[in-house]
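Engineer: Just need the whole structure built from these sequences, with the hints factored in.
Spelled out, the chains give:
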Amino acid sequence: MITGHVALSELEQDALTEIVNIGVSRAASSLRKMIGDQVVLSVPSVEVVSQRRAARLISEREVVDLIAVRQDFSGPFCGRALLIFPETNSLELVRAVTGGALSAEEAVEMEQEALAETGNIILNSCLATMANMLKRSLSMTIPEVLRGNGATLFEIDETTGSEGLVLFLYIDFAVRQRDIRGYIAMLMDIPSLATLKQLLDEFISRIVGEDG
Amino acid sequence: MADEAIIGNADQLRAVLAAAGASGAWDWDIVRDRLTVDARFAELYGLGADAADQPLPTAAFFRAIHPEDRARIRIAVAGMLAGSEFFSKEFRIIAPDGAILWMHGRGRSQLDDQDEPIRFTGLLVDVTDRKRTEERLRIAQSAGGIGTFEYRDGFATVSVSSEFCRLLGLHPADRLPVRTINAVVCEDEEPLIPEDGAEPASIDSVFRIRRSDDGADRWIARRGEAMRDSEGSGYRLLGVIYDVTDAKLQETRLRELNDTLEQRVAQEIDERLRAEDALRQAQKMEAVGQLTGGIAHDFNNLLTIITGSVDMALRRLDNSADPRVGRALDNAMRGAERAAALTQRLLAFSRRQPLDPRAVEVPRLLAGMSDLLTRTITEAVAIAIEAPDDVWTIEADPHQLENAILNLAVNARDAMPQGGSLTIAAGNRQVAAHQSDESHVSPGDYVAITVSDNGTGMDADTLTKVFDPFFTTKEVGKGTGLGLSMVYGFAKQSGGSVLIDSALGEGTTVTLLLMRSVQSAEPPADAMDEREPFGSASETILVVEDDDDVRAYTVGTLRELGYRVVEAHDGASALALLDKQDQPIKLLITDVVMPRMSGSELAAAARARQPRLRILYTSGYPRDAIMRDGRLDSGVELLAKPFTFRSLAERVREIIDKG
Amino acid sequence: MPVTVLIVDDSKLARIVAGKALAELQPDWQKIEAGSGAQALELLGKERIEVALIDFNMTEQDGLELAGEIRALRPDMPIAIITANIQDEIIAQARAIGAAFIAKPVTSEGLAGFLTGAALKLRSSQE
Numbered sequence: 001m002i003t004g005h006v007a008l009s010e011l012e013q014d015a016l017t018e019i020v021n022i023g024v025s026r027a028a029s030s031l032r033k034m035i036g037d038q039v040v041l042s043v044p045s046v047e048v049v050s051q052r053r054a055a056r057l058i059s060e061r062e063v064v065d066l067i068a069v070r071q072d073f074s075g076p077f078c079g080r081a082l083l084i085f086p087e088t089n090s091l092e093l094v095r096a097v098t099g100g101a102l103s104a105e106e107a108v109e110m111e112q113e114a115l116a117e118t119g120n121i122i123l124n125s126c127l128a129t130m131a132n133m134l135k136r137s138l139s140m141t142i143p144e145v146l147r148g149n150g151a152t153l154f155e156i157d158e159t160t161g162s163e164g165l166v167l168f169l170y171i172d173f174a175v176r177q178r179d180i181r182g183y184i185a186m187l188m189d190i191p192s193l194a195t196l197k198q199l200l201d202e203f204i205s206r207i208v209g210e211d212g
Numbered sequence: 213m214a215d216e217a218i219i220g221n222a223d224q225l226r227a228v229l230a231a232a233g234a235s236g237a238w239d240w241d242i243v244r245d246r247l248t249v250d251a252r253f254a255e256l257y258g259l260g261a262d263a264a265d266q267p268l269p270t271a272a273f274f275r276a277i278h279p280e281d282r283a284r285i286r287i288a289v290a291g292m293l294a295g296s297e298f299f300s301k302e303f304r305i306i307a308p309d310g311a312i313l314w315m316h317g318r319g320r321s322q323l324d325d326q327d328e329p330i331r332f333t334g335l336l337v338d339v340t341d342r343k344r345t346e347e348r349l350r351i352a353q354s355a356g357g358i359g360t361f362e363y364r365d366g367f368a369t370v371s372v373s374s375e376f377c378r379l380l381g382l383h384p385a386d387r388l389p390v391r392t393i394n395a396v397v398c399e400d401e402e403p404l405i406p407e408d409g410a411e412p413a414s415i416d417s418v419f420r421i422r423r424s425d426d427g428a429d430r431w432i433a434r435r436g437e438a439m440r441d442s443e444g445s446g447y448r449l450l451g452v453i454y455d456v457t458d459a460k461l462q463e464t465r466l467r468e469l470n471d472t473l474e475q476r477v478a479q480e481i482d483e484r485l486r487a488e489d490a491l492r493q494a495q496k497m498e499a500v501g502q503l504t505g506g507i508a509h510d511f512n513n514l515l516t517i518i519t520g521s522v523d524m525a526l527r528r529l530d531n532s533a534d535p536r537v538g539r540a541l542d543n544a545m546r547g548a549e550r551a552a553a554l555t556q557r558l559l560a561f562s563r564r565q566p567l568d569p570r571a572v573e574v575p576r577l578l579a580g581m582s583d584l585l586t587r588t589i590t591e592a593v594a595i596a597i598e599a600p601d602d603v604w605t606i607e608a609d610p611h612q613l614e615n616a617i618l619n620l621a622v623n624a625r626d627a628m629p630q631g632g633s634l635t636i637a638a639g640n641r642q643v644a645a646h647q648s649d650e651s652h653v654s655p656g657d658y659v660a661i662t663v664s665d666n667g668t669g670m671d672a673d674t675l676t677k678v679f680d681p682f683f684t685t686k687e688v689g690k691g692t693g694l695g696l697s698m699v700y701g702f703a704k705q706s707g708g709s710v711l712i713d714s715a716l717g718e719g720t721t722v723t724l725l726l727m728r729s730v731q732s733a734e735p736p737a738d739a740m741d742e743r744e745p746f747g748s749a750s751e752t753i754l755v756v757e758d759d760d761d762v763r764a765y766t767v768g769t770l771r772e773l774g775y776r777v778v779e780a781h782d783g784a785s786a787l788a789l790l791d792k793q794d795q796p797i798k799l800l801i802t803d804v805v806m807p808r809m810s811g812s813e814l815a816a817a818a819r820a821r822q823p824r825l826r827i828l829y830t831s832g833y834p835r836d837a838i839m840r841d842g843r844l845d846s847g848v849e850l851l852a853k854p855f856t857f858r859s860l861a862e863r864v865r866e867i868i869d870k871g
Numbered sequence: 872m873p874v875t876v877l878i879v880d881d882s883k884l885a886r887i888v889a890g891k892a893l894a895e896l897q898p899d900w901q902k903i904e905a906g907s908g909a910q911a912l913e914l915l916g917k918e919r920i921e922v923a924l925i926d927f928n929m930t931e932q933d934g935l936e937l938a939g940e941i942r943a944l945r946p947d948m949p950i951a952i953i954t955a956n957i958q959d960e961i962i963a964q965a966r967a968i969g970a971a972f973i974a975k976p977v978t979s980e981g982l983a984g985f986l987t988g989a990a991l992k993l994r995s996s997q998e
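Chains as they are written, first to last, in the numbering used here: chain A, 1 to 212; chain B, 213 to 871; chain C, 872 to 998.
Quick caveat, the hints were computed from the structure, so don't treat them as lab data. One or more hints might be untrue.
What the hints assert, rightly or not - List of simulated lysine to any residue pairs, SDA-like, C-alpha gap at most 25 Å:
| hint | chain 1 | residue 1 | chain 2 | residue 2 |
| --- | --- | --- | --- | --- |
| 1 | A | K197 | B | L293 |
| 2 | A | K33 | C | T978 |
| 3 | C | K883 | A | A107 |
| 4 | A | K197 | B | D281 |
| 5 | B | K704 | B | G669 |
| 6 | A | K135 | B | V243 |
| 7 | A | K135 | C | R966 |
| 8 | A | K33 | B | D327 |
Structural biologist: Now the structure itself:
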């Protein structure tokens, strides 16, 4: 994976994938506890791409409108994490996380808030686990619920010429018993990526140190 | 129970697992930090048979892993120990016999209430054969540009190969949503992956798509099979896609080719007819040129005799003679002069006139012509000459150029019987490579001399014939039909071209393109003495001419001028005379075209005997014998027939005086 | 006298989930909900409150700050910080102010340990 600024070695990419794996495993476990059903995860994909390409990667996969919970994080590396799913899945997810506690009307009423809390739990557990693995701390913003297509979610202005490079990471999840599927996506700025690379190297030497 | 019986027999279980491809199993106790493996695992890892089912240090897990894969697997295992749920990695191990085997390790972790992992268990499967097959398949796919897909009816996603994604311009992925795939198919095409749940009638089909990444329009073929795994289950579509754009385009091109065949044949025939016409025209011009050239030669000889004799008679006429004799002789002289001018034009047209090109400054030449033009053109026509000083120097025969311009001016005058304006302009013109066809000249720097009038103009039909010899729009007796063809011949012979632009009622513009010269113009010759320069008896001239009358006239004239003259009727006798002359010959005047020995052959032989001998050719029809590319060799003097008493006198004196 | 638990979270859903877990473990206990730190402090001044479950990630004032303020008022009150932000640093901060740490989503298993401890503490202080 080569870019103008930072290149992650194969091993660094493996390490990042693994850390993300741990994070999303934790997130999936949280989701499982919230809805009481099995949650299936895909292998995370990690790439350095332009912002626009990241938006395209999401919109290419989904023709329908999307809904997303967004949380920005900062610390030794910063970026943005999103929990994304088709808008048509939204109410089903709300029903699932609220279980029998709410009437159908209440569920509609609480949709926004329930999505925000779900996103909060899933993204926080994921990011916090990653921070712990890298032995650093991150601060996270209050979650925000957004609707739109890939470009609006990533706040990409199609008219600007500058295409900031980002580390784009996404993972599919699906709830077998219910028709719920979505993605967790994470974008990291390239300047942060340099720090991330350093942190990954530390992580690798902690793990592999003894025999390479 | 049968199951229990199998499980009860560990050896049998291992055999079944081995046959199924399962190569070993492990159980990693995270809390106690201990690893337990089965016999197959221990065997593969070379841990020894007694290591099976015994607690081992967890580091044993990595012992047999290929060094290049070890770090990667350590990281993955670290993930499992930190809370990742699934482990699925392919890696190489080095078996005790040194063989390298590809393993697929699959495992999962067991978490406690607090989400803390406590066990990590899994199975190793030998995938060496599959890896090789996959590699072969991958190479076959990418080399053949074939993408594979598998779709199960009712699923929202399709499992695809990376080549599949590449062919459609999609981001490489193992699974793609059906919608994403079908979005690249052009409208009004059926979807690539069926969406309505109905099994497609035929899987073999061709689709028009717009590639997602670069927007390119492509043709994609789909081939495959629909199968059912069991009665009542939905169908499964297993197929390949590949790009057939090139074949499609070729097919289209071929069809277009067929459709336009007739049209193209007609076009081809048309072009050929035009080329044939052009060739016929060129051949006609060449034939006419040869004919006129031949006539002109004989004619010039006759005219030399006529003008010479009339000239002589006029000069010998004394005052007491009948004045009518004088007038008659003057008339005869004018008639002969007109005949000579006509012959000159015939020669010019046939491009066989001897040209004496020199550097010419067109503005100066035009300025010198203004008197002549005003005399020739009626007062009803306003003449404007526009020739800026920065016009480049050209190389051309100035007399012939004047002649050409005069011809064009006369034509312009005749096109404006009610009067009008005539403009003669000169300007620089650069002909680029792409313009060279339309200008009929090779690319380069040219001076364009345009003669334009606002007269009657010509229609397209007339325009195609204007350069034909003897073609004239003028009334019978008014024109010879040689004007434009002479201009054309002159321009071509000078390495230039003539362009004509005209429409009925819109006037005519004729453009003469002449190549720029690298030399600068010579200063104009001093005005000539009014009197003919005489010779003396100490100057001997040898005249060689096969036509007795012409020779008699030439000899007579020279003697009258005071020269000593010897004569010969052919090359052989001329050389004999040269050999026995006690008095040196100053000048050899010889005809160019003579039987047996030509003028130039004679000149060469004479020069061999007497290197400093001066030579003057006389000719009414000088061909390649003395000309190269229609131009005289340098140092060769030529006097065109018919010549007059005066022109002969001046030329002979000039040559002898050069020393 | 039933024990009263204050649940502070700006998410209604989170309060419902925590309330459900609480009801499963201690059916007799009462709960009071607050949607923000300010509201929580106000309720503390008016009501008899014995236990606090506080969300960490809130808009106006974060849960650790609020817990610190409550700790200053009520040095012995059993307090738990509830969050999905399970970073080691957050856990350490919670410990530093004498608060328990409970990961979101709150389950009865996750809450059980804290409530058992709180019940014991309350009983001993009453004696």
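Engineer: For each hint, tell me whether it holds in the structure or not.
Structural biologist: Here is how each hint holds up against the structure:
no. : hint             : verdict
1   : A/K197 to B/L293 : 22 Å, holds
2   : A/K33 to C/T978  : 8 Å, holds
3   : C/K883 to A/A107 : 12 Å, holds
4   : A/K197 to B/D281 : 20 Å, holds
5   : B/K704 to B/G669 : 24 Å, holds
6   : A/K135 to B/V243 : 22 Å, holds
7   : A/K135 to C/R966 : 18 Å, holds
8   : A/K33 to B/D327  : 11 Å, holds
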